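A.B. asks: Two independent chains are provided; combine them into the complex using the hints.
Each chain, written out:
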Amino acid sequence: MITAFIFRALDRNTYIVLGLLLAVGILLPLLSLTDPSFPLHVPTYVIALIGKYLCYALLALSVDLVWGYCGILSLGHAAFFALGGYAMGMYLMRQIGARGVYANPVLPDFMVFLNWNELPWFWYGFDHFWFAAIMIVAVPGLLAFIFGWFAFRSRVTGVYLSIITQAMTYALLLAFFRNDMGFGGNNGLTDFKDILGFNIQAPATRGVLFFASALALAAGFLICRAVIASKFGKVLIAVRDAESRTRFIGYRVEGYKLVVFVLSAMMAGVAGSLYVPQIGIINPGEFAPANSIEAVIWVAVGGRGTLIGPIVGALLVNFGKTWFTSGMLAEYWLFVLGALFVAVTLFLPKGVVGTLLARAKARPTSTSAPAAVSPIDATIAAEEGA
Amino acid sequence: MTAIHDQAAAPAERVRASREKAKNSLLYLDGVSVSFDGFKALRSLSLVIEPGEMRAIIGPNGAGKTTMMDVITGKTKPDEGDVFFAGDTDLTRMDEASIASLGIGRKFQKPTVFESHTVWNNIDLALAGVRGPFATLFHRTSLRETARIEEILDVIRLADKKEWLAANLSHGQKQWLEIGMLLAQEPQLLLVDEPVAGMTDAETRETAALLREIAKTKSVVVVEHDMSFVRDLDVKVTVLHQGSVLSEGTLDAVSADPTVIEVYLGR
Ligand SMILES: Nc1ncnc2c1ncn2[C@@H]1O[C@H](COP(=O)(O)OP(=O)(O)OP(=O)(O)O)[C@@H](O)[C@H]1O
Ligand SMILES: [Mg+2]
Numbered sequence: 001m002i003t004a005f006i007f008r009a010l011d012r013n014t015y016i017v018l019g020l021l022l023a024v025g026i027l028l029p030l031l032s033l034t035d036p037s038f039p040l041h042v043p044t045y046v047i048a049l050i051g052k053y054l055c056y057a058l059l060a061l062s063v064d065l066v067w068g069y070c071g072i073l074s075l076g077h078a079a080f081f082a083l084g085g086y087a088m089g090m091y092l093m094r095q096i097g098a099r100g101v102y103a104n105p106v107l108p109d110f111m112v113f114l115n116w117n118e119l120p121w122f123w124y125g126f127d128h129f130w131f132a133a134i135m136i137v138a139v140p141g142l143l144a145f146i147f148g149w150f151a152f153r154s155r156v157t158g159v160y161l162s163i164i165t166q167a168m169t170y171a172l173l174l175a176f177f178r179n180d181m182g183f184g185g186n187n188g189l190t191d192f193k194d195i196l197g198f199n200i201q202a203p204a205t206r207g208v209l210f211f212a213s214a215l216a217l218a219a220g221f222l223i224c225r226a227v228i229a230s231k232f233g234k235v236l237i238a239v240r241d242a243e244s245r246t247r248f249i250g251y252r253v254e255g256y257k258l259v260v261f262v263l264s265a266m267m268a269g270v271a272g273s274l275y276v277p278q279i280g281i282i283n284p285g286e287f288a289p290a291n292s293i294e295a296v297i298w299v300a301v302g303g304r305g306t307l308i309g310p311i312v313g314a315l316l317v318n319f320g321k322t323w324f325t326s327g328m329l330a331e332y333w334l335f336v337l338g339a340l341f342v343a344v345t346l347f348l349p350k351g352v353v354g355t356l357l358a359r360a361k362a363r364p365t366s367t368s369a370p371a372a373v374s375p376i377d378a379t380i381a382a383e384e385g386a
Numbered sequence: 001m002t003a004i005h006d007q008a009a010a011p012a013e014r015v016r017a018s019r020e021k022a023k024n025s026l027l028y029l030d031g032v033s034v035s036f037d038g039f040k041a042l043r044s045l046s047l048v049i050e051p052g053e054m055r056a057i058i059g060p061n062g063a064g065k066t067t068m069m070d071v072i073t074g075k076t077k078p079d080e081g082d083v084f085f086a087g088d089t090d091l092t093r094m095d096e097a098s099i100a101s102l103g104i105g106r107k108f109q110k111p112t113v114f115e116s117h118t119v120w121n122n123i124d125l126a127l128a129g130v131r132g133p134f135a136t137l138f139h140r141t142s143l144r145e146t147a148r149i150e151e152i153l154d155v156i157r158l159a160d161k162k163e164w165l166a167a168n169l170s171h172g173q174k175q176w177l178e179i180g181m182l183l184a185q186e187p188q189l190l191l192v193d194e195p196v197a198g199m200t201d202a203e204t205r206e207t208a209a210l211l212r213e214i215a216k217t218k219s220v221v222v223v224e225h226d227m228s229f230v231r232d233l234d235v236k237v238t239v240l241h242q243g244s245v246l247s248e249g250t251l252d253a254v255s256a257d258p259t260v261i262e263v264y265l266g267r
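These protein sequence lines map, in sequence, to chains S and L.
My numbering puts the first sequence at residues 1 to 386.
My numbering puts the second sequence at residues 1 to 267.
So here's chain L without its partners, still in its complex pose (with noise of 0.2 angstroms):
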């Protein structure tokens, strides 16, 4: 009899230890597992995001990181573990859109903005507000709407091309525009998947800068292959390795890492 009340009282008692660490964290995921068809991309992942942190996220392809984001935004239901968003948010029961609306925003790894609308409408329809398909019927721009807008064109550097066809920018500029929609929505949490592949070294300076800059009210975790972007971001970084947490530290110190030498960077 206790034997079996015991096991039942177990994942609800887990859950209440780990609402319990999660309760002073932006983000906490613990022994998150997500499999596809056997294969494991995310094995007992654990990963805790304090407020207003910036956390730079590393790995050999195909570690989980992209996979780990699909999680976080609802795009990937984990197969089990815990991921709890300001403290006691329980991630795994909601949609896309609802946690986008709790304050997550997410930048692709592939750019992808709204090819056939304007830079302009790109970030309008992030803009944080209206999202209810009765709402938007009727909504009309507000005189600080449009400030807004006006305001996030010149952060990403594209208030001359407001009028262009997102398909019609380059590959930096579609990162950038995603960036800016990015901002748009006003998240607690940026997710930004590789930010500069594809972006000349000068870019890629401006995006760091950008991204410290963006750290500084909200909290951010950056997927990123290139290392002297890393260097520039001057963060904590996580080392992800076939699914799991290999290592953490300063960049120096995980550099230095054995295991994150052999799997990684020896390469």
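The following block holds chain S by itself, in its conformation from the complex (with noise of 0.2 angstroms):
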């Protein structure tokens, strides 16, 4: 049944994707591991801010999916990312043993900084690696839940949908915030050593670091494909374009909402988790709204609705931002941020991915139906028919 579910996900398009994201996965690494004289030499700083964007990438294709497809604007995705990056951190953390400052083997060096005898219950099990691996999709998957269980069993949509999104991240913020919530305070997790064993700063860890997280992104756009491919990503459109009217088709539109975001969840969870070992720290400035909002930036640039959009977001817009952000202009980066997503949605409501497409789906190829009119529709049209 599962085979058969990604099967049916894989198209020409899909194939491209996959091996981009497979090739890039593979070679960069590789090429970062040659001596330096080599011409096609990749430094590792490069490696370490490709590996990120591929992070951002995965969380920007999580929003697109709630959002382009079912209409649900989430300005909390934030939130799962640092949820799953937390998660992440806490293993990082209980790998580095008694090699802290205060070099207790069981204690984190802030817990015995705050004059804590034991390791509060949360933190068991983390010190293995399969089971922090089961808390970064568990937690906020299961946070997902419980917020859509409310939010969509109540018909909380639109704008009003979006405001509690942001308090719910605005609100974990304040909480990772406290010392006593047992999750650093403010200064996060930092100073890991190893991961499964290996030191993380090691180029070949950083290498693998960097082919996990593209091959996470090919694994999530794969299922991000069979999902819309599906029937249920029918239903998902048929919810953001008319939901009143699949509920009197029969359709229990909270039960996909909440399905679709849960899913969403655990995916931000784990884009989350690669990007932490590779950035080196977590702290609670993940959860700041304006994260979330900058990830609804990248996929509104590169094409909600699209699949391929959000990945190409995502990446455009933080290599701009890393242009920007080194040169002098490094302070007016929020204005042409801000103004970046005006100018999208005046001037390229698709995107910049849904344009291109639209724009080779309205070359005359046949006669039969007339070219897509409407914004978004054209991209799924054409992702539908690819």
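For the record, the hints were derived by calculation from the structure and aren't laboratory data.
Any given hint could turn out to be false.
So the derived label-pair ranges between C-beta atoms look like this [as the list claims (entries may be wrong)]:
(1) Thr-141(L) / Thr-345(S): 28 to 38 angstroms
(2) Ala-171(S) / Gly-38(L): 37 to 47 angstroms
(3) Leu-20(S) / Ala-159(L): 37 to 47 angstroms
Quick caveat, the model's predicted, so the values are computed rather than measured.
Ideal placement from N, C-alpha and C gives every residue a C-beta, glycine not left out.
C.D. replies: Next comes the structure, spelled out in structure tokens:
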């Protein structure tokens, strides 16, 4: 059943995207391991940078799945990303063992500093990678389930839903800032040493983490593609276009929203978990409402309602950000980002990829059907037809 | 003591009596009232549809025709009154999705199709069958389903446009697509709100023929302002006015009713 479900997703475009991601995921790390004199050598900082972008791209994909296909504009997805990151961070903290400043074999440094004598119960199990791996998807998934259960059942939609997702991530931001929460407060979790016994700073480990990020993005893409290609995906689009109509044909809309929201939160959690070992820290700042909004901007720039769009958008905007913030105009970045969002909304409502796809589609190839007219239509039709 | 006891028993007693009367009907509305911020859209409306019956509902703008459909399909909860389907299913306690699954389909006054889906997918979505999220995730369209979709597309004359996005259809075609979606649901009862609004005379006649054909096997309630269309349907007519039934009978009978002439036809 599952294999048939995945196989249905495999069309030419999907193969291309998967192939590209895997090629980049393998080639770049290999080139980074070459001798610096080698002409195609890739410096380690580039691996770290692009690895981070790949995680952002997976986050963007998860936002697009709920926003672009089901019309749920979540402005709190960074919360799921951060929770996945914290779950990974907790595992990495416990890997430090007795090598911390206070050399306590069990307690992370910040707990010793707070004069705690034993590990809080919710840190149990995080010394095992498999346990952390489960928590990386389970915790964001559970939060999304509880949040979605109440929000979707009481039919909160549109801007009200967006506002409460912001409130959710903001509440978590405040909670994680507190020292007595047991997640390192304001400093968060950092000074990681090993992952699965390998030195986390070693170029080879970084290469593997990079590959894992590319692989996770490819898997996320494949899963989204399979979801969209299924009848479930058609119902999602129906909900986005005419929610109450969908109910009147007998679909219980809240169930669909809940399933897709939980799936999306889990994807965001995986993205966060790969992000943390690559940048070496997770702190409450990751819950900042602005982070969630940025993720939405990536999707809007790339093109919501297409699966390639959010990936392209996340890469483009973040390359732009890195380039911009390394120059002397750094402090103006937020204005640029805001202007970009306004410009895209006004002039490229389908985003970069959406516009390109619509243009390709509009080229007179067949005489039967008129080209799609309304914004995201074209891209969806293109993806379905492909 | 007795008085208190009687009062408590009264509603239960009434529901029981209502159920008794509802027994042989397909749709049974009794004493249904709905108000919006104090404005009474339905006032103690009563209506009975027999299995296999087709009924036309007419009435001036704001008479409460659409609101009545909202009550039946679970969009609006009545302030009071009973709504029973197939004798004993209390519709006032159910949500839209479960009412739809019972076999009540609805076509909206303003045609609502899924604009960014193709014509084919619109029918596919409405097709009777899987409804749960996990069932649809792993569902594969069967040959039987494909054949059924093709069949419906033929009936609504959109077979050659099956790959078109619904957004690109004309107003009349959208109306037909919505009727096709209704058929795909295989309901026992079809509620059709103003199906011929915006159609040419020829399309209107074809729609009347189509609905008469459907009514051979299903119960249909049609709301329409177009009198020649109602005449074409040739069925019992109910006239609504200010939220309750003003008159009921053949089109000729209600047309001759002085109260109807005064509030509706006369103007
Ligand atoms: N959700 C609502 N909130 C407030 N008033 C409403 C609502 N729905 C309907 N009404 C009012 O209830 C009355 C009945 O409306 P309804 O739409 O049922 O009339 P109708 O008979 O279908 O009219 P038409 O022929 O114009 O479609 C109208 O006065 C309308 O303004
Ligand atoms: Mg109406």
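A.B. asks: Now tell me if each hint is right for this structure.
C.D. replies: Checked hints:
no., hint, verdict
1, Thr-141(L) / Thr-345(S): 28 to 38 angstroms, "holds, 37 angstroms"
2, Ala-171(S) / Gly-38(L): 37 to 47 angstroms, "holds, 39 angstroms"
3, Leu-20(S) / Ala-159(L): 37 to 47 angstroms, "holds, 39 angstroms"
Checked against the numbered hints given earlier, this structure breaks none of them.
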